[in-house]
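*Asks:* Take a look at the letters that make up each chain.
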Amino acid sequence: MKGRWSGPLLLGVPTAFLLALFVLPLVSMVVLSFWRTENYHIVQDWNLGNYLTLATEGAYVTFLVRSLVMASLVSVICVVIAWPVSYAIILYGGRYRLLFTLAFAVPFLTGEVLRVIALQGLLGPLGLINGVLMALGAAPLRFIMYTNVASAIGLVYLYLPIVVTVIYLSLLNFDARLIDAAKIFGASPARAFFEITWPLNLFGTLIGFALCFIPCLSATLAPRFLGGPNGTLYGMAMAQQFGESGTWALGAAMGVVLFLTSILAVLAVCLKVDLRRTGFTGFGRG
Amino acid sequence: MARRLTRFLSKYALLATLAISYLFLYLPIVHIGLGAFAKNHAFPYPPRWTLDTFGRLFANSLYQNAFANSLILGVGAGALSTLLAAAATLGLMRHAGRRTGLYLVLFVAPLFVAEVLLGIASLIFNGLFLELQGNLVSAILANAVHCFSYALLIMATQLYRYDWRLDDAAMVFGASPTRTFFEVTLPLIWPGLLGAFIVTFIMAFNNLEISFYLLGATPTLPSVAWGALRYGVKPELYALATAVNLVVVVGLAVMFVLMLTGKVAFGHRPERERAV
Chain A
1 MKGRWSGPLL LGVPTAFLLA LFVLPLVSMV VLSFWRTENY HIVQDWNLGN YLTLATEGAY
61 VTFLVRSLVM ASLVSVICVV IAWPVSYAII LYGGRYRLLF TLAFAVPFLT GEVLRVIALQ
121 GLLGPLGLIN GVLMALGAAP LRFIMYTNVA SAIGLVYLYL PIVVTVIYLS LLNFDARLID
181 AAKIFGASPA RAFFEITWPL NLFGTLIGFA LCFIPCLSAT LAPRFLGGPN GTLYGMAMAQ
241 QFGESGTWAL GAAMGVVLFL TSILAVLAVC LKVDLRRTGF TGFGRG
Chain B
1 MARRLTRFLS KYALLATLAI SYLFLYLPIV HIGLGAFAKN HAFPYPPRWT LDTFGRLFAN
61 SLYQNAFANS LILGVGAGAL STLLAAAATL GLMRHAGRRT GLYLVLFVAP LFVAEVLLGI
121 ASLIFNGLFL ELQGNLVSAI LANAVHCFSY ALLIMATQLY RYDWRLDDAA MVFGASPTRT
181 FFEVTLPLIW PGLLGAFIVT FIMAFNNLEI SFYLLGATPT LPSVAWGALR YGVKPELYAL
241 ATAVNLVVVV GLAVMFVLML TGKVAFGHRP ERERAV
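Those protein sequence lines, which keep their order, are chains A and B. Using full-length UniProt numbering, read the first sequence as starting at 1 and increasing by one per residue. Using full-length UniProt numbering, read the second sequence as starting at 1 and increasing by one per residue.
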């Protein structure tokens, strides 16, 4: 493929595709957020009213804070679980490593609705945990039925696989001879881990964190079906603007807020980290 | 001695975490799987086996219709995103030059935008600015955006070590660029294409958060399941989830067997066999 046109064609077509179907929609969302909705009709009248509503009305601020806390907590839990899991796969997986990783991908690929159904089977009033408790004659656990705890468990369940996959890939590309070198020079295993393995896989870990944080921040399904009356999250409230209440302009403004918040969170984390020291080698063209 | 003990303990702590994670992930799936095959579906311990639920599921014309639509959506979005991602990966590796970083940022950006935002933004763009009604085509296009980045990453890990000297060699011996592509490049990269297609197909097939806003009145399996879920969990939903889980397991198992027997190598790197 060394023809004169192949370069511009190979890069140009995907670029045009993304500009038309990814960038333009996001821009139109920003534009709409500065308009108004009146009786289910869009009024093209530039104003900041939507953002004012979002900033002053207590409910929306609560939803946003709750979403941020929930997303941070869930992402941290996911990373804390995913590290030992992927480390164990790398260390003890042997030739079945790939099978172990694929086993994590199976639930991830079955789609959120079906997994929320599975979670209801686990956590719901008639679900597995409470079923076992009642069969044993104990009282059902109240805190896992339609509460924020249930939402958090659900979100960990939904996004743990992707964090494991990302950290696993990072560890797979990590050159283990560096650890051997450190040990030969007398480092203890703990020191070798904290001075070599962890910093060199930090970039992968951060990617995993971001890929969990962003969807959690705008989660719609898990809080709706697992969270209770106090479980409304920002993404769920946003989805309602496009459904039941029909206030598209306000929903678009909420979308912009979510978009900016997630970008800012990712940037804040990335700026703290010197990419060159984290094993990030760019897009290799070896 | 103490050192050996710590090593022993850390090994079993790691393995225990692994086992507990699998348990956490698969317990609900197995539970609803049993529920789908049992008459006492809410608490199938011990199960009283039946296939009635599946019978009702497969006989329901709503689900049949939704299944066909989901299939079209999955194949369309999977094929489109795989083709585009293949072009993008080849372009990035061969032709991007100093602008690689810029293109790469654009190409993986969809990963960092939540699905529901993509769905809503596309709904606004289509509905308000293009005045198009939602249908299967708009859903395929929007899903392809999201799948594109995943396909790109899968293929990039595949082609990372592709030896471009093979192409150069073919051309030195007089092959045209087209012939080089079809006789050298394609045979070597097709496992990556296939892997990307399988994954993106499954993702688009099961997607709700993007498709929901773009489908208009077209039912797909996830949207029908979502609609039913609002009225409480029914055994049909257990059966549906179990059926999809089985298909995904079989798909990935086929991929795994192919890899194990060495028929195809999805990103397999023999020289990196030993890590950590």
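Hints are computed from structural coordinates only; laboratory data are not their basis. Take the hints with a grain of salt, since some may be wrong.
Unchecked claim - Computed footprint of chain A on chain B, listed as stretches where at least three residues anywhere in the stretch have a Cβ under 8 Å from a Cβ of chain A: (1) 39 to 48; (2) 52 to 60; (3) 63 to 69; (4) 74 to 87; (5) 106 to 114.
To be verified - What the simulated footprint calls covered on chain A by chain B, stretch by stretch (three residues with Cβ under 8 Å from a Cβ of chain B suffice, anywhere in the stretch; the number is not a length): (6) 9 to 20; (7) 53 to 65; (8) 234 to 244.
Claimed, not checked - Far from chain B by the CB rule (all over 10 Å, computed), these chain A residues: (9) LEU24; (10) TYR87; (11) ALA187; (12) ASN230; (13) TRP248.
These numbers were taken from a predicted model, which means no experiment stands behind them. Glycine residues also receive a C-beta, built at the ideal position from the N, C-alpha and C atoms.
*Asks:* Work down the list of hints and note, for each, if the structure agrees.
*Replies:* Evaluation of the provided hints:
Coverage of the region 39 to 48 of chain B by chain A holds in this model, with 3 residues showing a Cβ closer than 8 Å to a Cβ of that chain against a need of three. Taking a C-beta to C-beta cut-off of 8 Å, the region 52 to 60 of chain B contributes 0 residues in contact with chain A, too few for the three needed, and the coverage statement is violated. Coverage of the region 63 to 69 of chain B by chain A is violated [criterion: at least 3 residues with CB-CB distance below 8 Å; count 0]. With 3 residues having a beta carbon nearer than 8 Å to a beta carbon of chain A, the region 74 to 87 of chain B meets the requirement of three or more and the stated coverage holds.
Only residues whose beta carbon comes within less than 8 Å of a beta carbon in chain A count, and the region 106 to 114 of chain B has 8; three or more means the coverage holds. Counting residues of the region 9 to 20 of chain A whose beta-carbon sits less than 8 Å from any beta-carbon of chain B gives 8, enough to reach three: the coverage restraint holds. Counting residues of the region 53 to 65 of chain A whose beta carbon lies closer than 8 Å to any beta carbon of chain B gives 0, which falls short of the minimum of three for the stated coverage. With a cut-off of 8 Å between beta carbons, the region 234 to 244 of chain A has 4 residues touching chain B; three or more are needed, and the interface restraint holds.
Not every beta carbon of chain B lies more than 10 Å from that of A/LEU24, the smallest distance being close to 6 Å; the non-interface claim is violated. Listed as a non-interface residue, A/TYR87 fails to keep its Cβ farther than 10 Å from every Cβ of chain B; the least gap is roughly 6 Å. Listed as outside the interface, A/ALA187 is consistent with that label: its C-beta sits roughly 14 Å from the nearest C-beta of chain B, beyond the 10 Å cut-off. Even its closest Cβ contact with chain B, about 20 Å, leaves A/ASN230 beyond 10 Å, as expected for a residue assigned away from the interface.
Its closest Cβ contact with chain B, about 7 Å, brings A/TRP248 to no more than 10 Å, contrary to its assignment away from the interface.
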